[in-house]
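The hints should help you fit chains B, R and A onto chain X, whose structure is shown.
Listed here are the chains, written in short residue letters.
There are 4 protein chains.
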Amino acid sequence: MKISKDQIYNTNQKKITQHHARFDFLANELDASGLQVNELVDKLVAFQVAIPSWALGAGGTRFGRFSYQGEPSSLEQKIEDIGLLHQLTQTAGAVSLHIPWDIPEDTLAIKEKALENRIVFDAVNSNTFQDQKNQAFSYKFGSLCNTNKAVREQAIAHNKEVIKIGNDLGSKSLTVWLADGANFPGQNNFQTALSHTEDSLKEIYKYLPEDWKLFIEYKPYEPNFYSTVIQDWGTSFMLANACGPKAYTLVDLGHHLPNTNIEQIVATLMLKGKLGGFHFNDSKYGDDDVTVGSIKPYSLFLIFNELVYGIENNKQNPYPAWMIDASHNTKDPLEDLMQSLEAIQIAYAKALLVDQTKLKAAQQEHDVVACQEILHAAYNTDVRPLVAQARINAGGAVTPIETYRNLQIRQSLIDIRGKNSVASGL
Amino acid sequence: MKISKDQIYNTNQKKITQHHARFDFLANELDASGLQVNELVDKLVAFQVAIPSWALGAGGTRFGRFSYQGEPSSLEQKIEDIGLLHQLTQTAGAVSLHIPWDIPEDTLAIKEKALENRIVFDAVNSNTFQDQKNQAFSYKFGSLCNTNKAVREQAIAHNKEVIKIGNDLGSKSLTVWLADGANFPGQNNFQTALSHTEDSLKEIYKYLPEDWKLFIEYKPYEPNFYSTVIQDWGTSFMLANACGPKAYTLVDLGHHLPNTNIEQIVATLMLKGKLGGFHFNDSKYGDDDVTVGSIKPYSLFLIFNELVYGIENNKQNPYPAWMIDASHNTKDPLEDLMQSLEAIQIAYAKALLVDQTKLKAAQQEHDVVACQEILHAAYNTDVRPLVAQARINAGGAVTPIETYRNLQIRQSLIDIRGKNSVASGL
Amino acid sequence: MKISKDQIYNTNQKKITQHHARFDFLANELDASGLQVNELVDKLVAFQVAIPSWALGAGGTRFGRFSYQGEPSSLEQKIEDIGLLHQLTQTAGAVSLHIPWDIPEDTLAIKEKALENRIVFDAVNSNTFQDQKNQAFSYKFGSLCNTNKAVREQAIAHNKEVIKIGNDLGSKSLTVWLADGANFPGQNNFQTALSHTEDSLKEIYKYLPEDWKLFIEYKPYEPNFYSTVIQDWGTSFMLANACGPKAYTLVDLGHHLPNTNIEQIVATLMLKGKLGGFHFNDSKYGDDDVTVGSIKPYSLFLIFNELVYGIENNKQNPYPAWMIDASHNTKDPLEDLMQSLEAIQIAYAKALLVDQTKLKAAQQEHDVVACQEILHAAYNTDVRPLVAQARINAGGAVTPIETYRNLQIRQSLIDIRGKNSVASGL
Amino acid sequence: MKISKDQIYNTNQKKITQHHARFDFLANELDASGLQVNELVDKLVAFQVAIPSWALGAGGTRFGRFSYQGEPSSLEQKIEDIGLLHQLTQTAGAVSLHIPWDIPEDTLAIKEKALENRIVFDAVNSNTFQDQKNQAFSYKFGSLCNTNKAVREQAIAHNKEVIKIGNDLGSKSLTVWLADGANFPGQNNFQTALSHTEDSLKEIYKYLPEDWKLFIEYKPYEPNFYSTVIQDWGTSFMLANACGPKAYTLVDLGHHLPNTNIEQIVATLMLKGKLGGFHFNDSKYGDDDVTVGSIKPYSLFLIFNELVYGIENNKQNPYPAWMIDASHNTKDPLEDLMQSLEAIQIAYAKALLVDQTKLKAAQQEHDVVACQEILHAAYNTDVRPLVAQARINAGGAVTPIETYRNLQIRQSLIDIRGKNSVASGL
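One line per chain: the protein sequences are X, B, R and A, in this order.
In this text, residue positions in the first sequence follow my numbering: the first is 311, and each later residue adds one.
In this text, residue positions in the second sequence follow my numbering: the first is 311, and each later residue adds one.
In this text, residue positions in the third sequence follow my numbering: the first is 311, and each later residue adds one.
In this text, residue positions in the fourth sequence follow my numbering: the first is 311, and each later residue adds one.
Some hints here could point you the wrong way.
No distinction is drawn between identical chains; accordingly, a pair holds when it is met within one copy or between any pair of copies.
[As the list claims (entries may be wrong)] Taking lysine to aspartate or glutamate and the EDC-like style, the derived pairs with C-alpha atoms no more than 20 Å apart in a straight line are:
| no. | residue 1 | residue 2 |
| --- | --- | --- |
| 1 | Lys474 | Glu422 |
| 2 | Lys450 | Asp677 |
| 3 | Lys729 | Asp441 |
| 4 | Lys459 | Glu675 |
| 5 | Lys325 | Glu683 |
| 6 | Lys325 | Asp341 |
| 7 | Lys459 | Asp677 |
| 8 | Lys556 | Asp521 |
Bear in mind the hints are in silico, worked out from the structure with no lab data behind them.
So here's chain X without its partners, still in its complex pose (with noise of 0.2 Å):
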């Protein structure tokens, strides 16, 4: 299903007196302070985050899981939940596969219902932590880590399929999340489990296309409780200074030790030239995967403030792959995701708000207090009118949400899948 053009435009024209009136004062109030209003929407506009094609559907714990109706239950009915995420935001025009979950079966055809829904193929993402039915070999005690050679050999032939997948469909990346590490300690050898597994790194590296780029993930613990190979940045770093120039680290906000300084990871990275990619999601434990900025949204703005820094000045930098990781336990995924991007839209506004120039010379000057001040002054401004006016520019819906209800979206999906589809993921 789809949404048309009128249908936004007819629901946007209740709403759109009174956010001229909030646009236009709080245009005024970034004016007096010397910023250029319109770059700024235009920078919001362009700012696009991919979503995963597992985020569609509603997430478990290992308690369980409790369904959401009308889930999509094809990858073409994926790529029309992220069409219907599109249209309303314009901030989500990209799909980042999972295989095998997402093994398109026509691949022209997937490409032709994505260009219809102005989706782009971001990056893609193998899976070497489950088992797939006919596997000649177990994951069970490790993938590219593994003491076993056979199965290091078949985690990489996976990782090779999954590009000659990705590169079909006009991706240019790929990223590798590895479970691999242990439960108990003795369980692994830890150098014997890190050498394999920058071995193998570079044998899916070798394979890459010219133009694409590896992306490797880090986690310190789950699903395995006692290590991960994976550890920590500084693994993932040294790991793709192995690899080369085209390999990259790739930050998940939730793959975090309690209380780790994040922002600092991540201006380190982009000094160093190796942030290639970035998972948004929130946590108050552990890799809780709940709505982008529903717990710590100052520390997401912290790091956007980072992030802003950095593609304006680290040309040695590529521009990072945005991509939304939640799970959605409690929520309509779809409402959900919207919750997300915008989330991600405002923190990325308030940052740009942020003077560097006053910034830069307080720092200087050690005045702290007046380092505060300018990011609370960013932080504390009201920017839900720059983030709308940006989806109005770009010819989405006002107030998303509210949109998606007022249209009866869910309902629609429900009468057109039933009630009992389930989509593919965890």
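Frame of chain X, contents of chains B, R and A only:
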């Protein structure tokens, strides 16, 4: 299947001379320091830990599950597995049922089967964290805390049903673990959720037979990632007090925030007469549910030090119910449980060695160095001969895992049950 | 020194037109959504936070301290500093004394000085975590929990003395923070330490004047690194209940283990009528005591959301005592406190905007997306004009820090007090 | 003061028969399992740990300090204290100087004093986290990272001075611990701070004598509570690589976020040839700096397991420098250090017992249960007789703390130095 006494006896013979030498040496040492070795061994013999009915199969994480071959696919087979464990270790003489995963179809037959395996029925566990087929209302948004009265009533009725089943089997306590909570700020009104939970628990309490106990578990997070209604021992203790004298707090080692001093919680609860039950497992990050003693054996010792002290000194506290609550993602579940049982016995034995008189004197004099020396003297002692002796006295194996492997028990289970049998549980 | 009303008025004039434009725009918006703007502003005017007497000087860590120039070196000067803060912010109308750092030599003169500065005396704080010169017994191994009765009696007597001093000044509450605990396993008997503490607190409670309250603080660690006698709210709550109706729990934001859900603790305590006091600060790692709102402003908002709800709905709970308890290691202490006060007012103002009726309805319907939207609608609002209006109404500065800098107050303090004056405190 | 060999010999006599019985029994057991007991004991004899010059006095927290009587008040007395430790334990044959707390006034005399006590000079430590009297620039806002070039130059010059002092004494390495960081978001530009730090370290590196090493320490927080420039091993490793082959990472056990897998970091660094030094202590919450082995002795064993493996297999890695870095807030510093030394030797001895051949085979076969059994077989062994035998072989005491107490050494130190002597340090 069963192991004959002869099989155990014969396997023991190969080890018995070496064991005696070790035991005699240790017994002499302990004797010389004024300890009654026979009493120590008797206490170890008497210490029995319940095995939950869901612990006989492989566990999993939200990222999937790797099956183990020969899993028990019925309650009868689960009791048989516990019977095997108990024959080998003589420490696992009880089962803790989980309803509705393990509702006995024929109560008499199950009681017979248990008697045959010398297994008693410990606490029964209710489940209101998952939806069962044909359930009228969903627990997606909570059970005993739900804003919808009908959901609360359904959950209360389920708990009553569990009591009834347990009563028929000879259980004397109900363990309530509530996943109730919220994934997002604002989702729940904390006060309403807590009040509903208190009222619901009181309803269940009313239904409790005269000689039963109610154990109220607490947990800070998972499967809810923003808040949990019974988030800590303080909340559980408050609710237990509100219910009445038959209600107690249950401590699960994995249900705490990072760095919590669990042994202090144990001491406080025993002082106040409110420690009802205890779930053993180990963890490095969260509720990892790995083998007892595999990560922090010294913490386990410190906890046992408080338990031993409390059992000796706090007559206001009932003898606690012990259970292993671990997940077997990587190991053969039966071997994993034997490692857990051994770790528990070792920690208990070491705690029994602590010279309480000297410790008290050192504490009184603020001789902190001596306090540590006294604990370390106990902890550094190699108590494995004591634990083995206790097993031998009770008819178990000198080396349970070795015996299990030599007797090729897993292979026999696979032969009987097949490679693809699946145990009910997580 | 003092700031004249004219000085504030004149400085305000440069900002007032801009402020009015902002306030009017916001007031219109809030009006349209059914809020009583005047009532909101009045509530902000009424919200007063105590400044502790030790917060006017530079703070330090165990690695040292970098002094700040112009620190107050007497209680009189400390009250003057709070007077300055109050003139500028109109939010700091109380002082919380710490004994023995700030024993008034001339009670009448001090009361006069406070009156002059429109400062009242909030809770008084005892100190049994440090040894004072000529003290008979050391608190090295604990105070109210000490195994030595003479030490406990000394500590009880000190608390009585603090009550007496507070009573003379007009205070109505005593805050007890105990560092008591252990650095090593075995050092303390948990049960003995807790029982002694309970008995000692009861002794102090007995001495409490009729219209006084006793606030019992909790903290998981530091300065003791293995255990703390009152380690969490549960312990404090239990002790407060044991003492009687005038005893309450005091929550300090920095006194929690990583990831604790503090707002839930607040809600629970208010439901049970036992939240007595509140210490504001912020932290990323432990009890960092940094500026309020500088690290986790959304958490602060969520906490205020519970406070606002509780003040409105929990008549069983007294109006809590508010205090800032931060350490000023890097910033001018007065500027730091102004940033804290602003952050508190912002969080309070946003919490007042939450549409409680809609929220309740969304909670009832399990519309989790709507629950989040309602909180975010309040949180994303830029409430700075409300907070500034409240200050203006009360005679304070539109922009307190800017005014403080324009009036060169720190320089005046240095001129009067010198560069090397040192405030008593940590 | 000094202990005579006769004193130790005579005290040992009372214990020696019992010791021999224990040692012989253990040696037989180990022999039977194929271990070379003499080699084990020789390795323990050879293992020497440096004592930092600041560890001979009482430590403190930001809440104060409780002095210990008889503290050494000069560098000579500190070396004497280490001499006493070394005589008793034969494990403390080195001192690590901290500049400027312990600048030798007469280098030759100090060298003489050290020689006399059989103490060598290990790594020297610079201090740019505190301001010294008459220092031109303050380190309040950082040293090697400071935005002010003059501050950076002062800090570089100080490090050069420390190298010079160390060189005169015979040290061969410099340890740089930087407190540099920020208390608030925005205070520092992460990229600038990191770049300045890298440049400054390179300047110091250039000055390093040919046969010296540079150890770069990392720490996530404290004394800065928002960010630290060298926050983790990844940053330290990156900087060490940037400096050159003589630069290494130094691991301090307390300098990690909660739940960090430290043993994996150790393994990674040794694989890459970059583990230079090691600071021993223990902790439950943060950088608690409590006695080694007092909180998590099993973690210490797992770390030693990696160290033993790396020393054996990673010829690319130099033999690491060992030091105890603990704080003595509650215990007699000398007794505390003896407990730490014992804990280190116990962990090392147990790690030496791990059957590496069997472990490798079990890892290869993914026999996780066996992997754990192999580690536990080593860990559960009571190795105290081995450690005592090593001490006896080297001329030390069978039971150092008991001997220290019997000889009333603390009393003698008080008699010589007085009750109120204060050691320089934190």
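Original post:
Looking back at the hints listed earlier, which ones does the structure fail to meet?
Top reply: none
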